[in-house]
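Peer 1: Protein chains in written order, with this note's numbering: chain L, 271 to 415; chain W, 89 to 217.
Think of the hints as simulated: they come from the structure by calculation, not from any bench. It is possible that part of the hints are untrue.
[What the hints assert, rightly or not] Rough simulated footprint, nothing fancy, chain L against chain W, three-plus residues with beta-carbon under 8 Å:
| # | region |
| --- | --- |
| 1 | 135–145 |
| 2 | 205–213 |
[Stated by the list, open to error] Quick look at which bits of chain W chain L covers, simulated, 3 or more residues with Cβ under 8 Å:
| # | region |
| --- | --- |
| 3 | 94–102 |
| 4 | 168–177 |
[Said to hold, decoys possible] Looking from chain L toward chain W, a few residues come up when the C-beta cut is under 10 Å (computed):
| # | residue |
| --- | --- |
| 5 | Gly279 |
| 6 | Trp280 |
| 7 | Leu285 |
| 8 | Val300 |
| 9 | Val398 |
Backbone N, C-alpha and C define an ideal beta-carbon position, used for all residues, glycine too.
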Amino acid sequence: MLAIVRPDGWDLPLLVHVAGAMLLVGALVVVAAVMAGALRRGEDAAVLARLAYRSLLLGVLPAYLLMRAGAEWVLSEEAVGDPTWVGIGYMTSDVGLLLILIATGLAWRTQRRGVGGPARAVVVLTGVLLVAYAVAIWAMTTKPD
Amino acid sequence: MSLYEWLLFGHLLAAFALVAGLVAYGALLLGGGEPARRVLGPPALALWNAGGIGVLAFGIALALEVDSYELWDGWILAAIVLWLVGSGAGGRLARGVREGAPNGAQLLLAVMALATLALLVDMVFKPGA
Chain L
271 MLAIVRPDGW DLPLLVHVAG AMLLVGALVV VAAVMAGALR RGEDAAVLAR
321 LAYRSLLLGV LPAYLLMRAG AEWVLSEEAV GDPTWVGIGY MTSDVGLLLI
371 LIATGLAWRT QRRGVGGPAR AVVVLTGVLL VAYAVAIWAM TTKPD
Chain W
89 MSLYEWLLFG HLLAAFALVA GLVAYGALLL GGGEPARRVL GPPALALWNA
139 GGIGVLAFGI ALALEVDSYE LWDGWILAAI VLWLVGSGAG GRLARGVREG
189 APNGAQLLLA VMALATLALL VDMVFKPGA
């Protein structure tokens, strides 16, 4: 029920795009929950910080690539022009990648040097990313303009 | 925003929550032992359950709202069957995780993942629609 009318040629690229986006959001939720848990649980902090870093490296980044590759594939199938919803998608995607890379670096530092300010920053960054992606989902769904 | 757009947005948000719950269960089972179970168990359960209920409720509302869809369309019936399969496996996995010793957890996770992937394929390709 993703859309009533769209060209059949979009189906496979759209599947790749949506699956990547869903895995991206899911992995971000895991990072946020695990790093917040690391901040609360002193005795398990090292294990949880390592899991958060691995989730960013092996979950978030590959899912981002899948989402972005699917998006470019969809756009290559048909010229959709430059409507607002595509602009919102590109903006959240590009800025999102920057924030993901910063969060990955901070998580790497946290799992090497212990939980502290960088771990809090990872939680905040993943929260910001989740809000931004909720806006992107709204834009992709309602297609303003 | 039209009613259709609201319903579709809710349907998609619920689907994202469902997959987030699935990914959280995956990280819980494959990644971190007891600390991960304690931290990820509650959000995994909440996201999987809320996402599952939302996907079904918004999906049925969409089928009723859109003139060209009927609840008895093959691809919609297939989606409901897949939802039941995923929910059944998810319920058993949640009970096992809560009790601390899930039997066959990875098999249940695989069933949930395959059912969810098949649901997504069904929703995108809409065979027979």
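Peer 1: Evaluate each hint against the coordinates.
Peer 2: Against the structure, the hints:
1. 135–145: Violated: only 1 residues of the region 135–145 of chain W have a Cβ under 8 Å from chain L.
2. 205–213: holds (count 6)
3. 94–102: holds (count 5)
4. 168–177: The restraint on the region 168–177 of chain W is violated, since only 0 of its residues have a Cβ under 8 Å from chain L and three are required.
5. Gly279: Hint violated; L/Gly279 Cβ to chain W Cβ min 12 Å, cut 10 Å.
6. Trp280: Holds. Min distance 9 Å.
7. Leu285: holds, 5 Å
8. Val300: holds, 5 Å
9. Val398: violated, 16 Å
Of the numbered hints given earlier, the model fails hints 1, 4, 5 and 9; all others are met.
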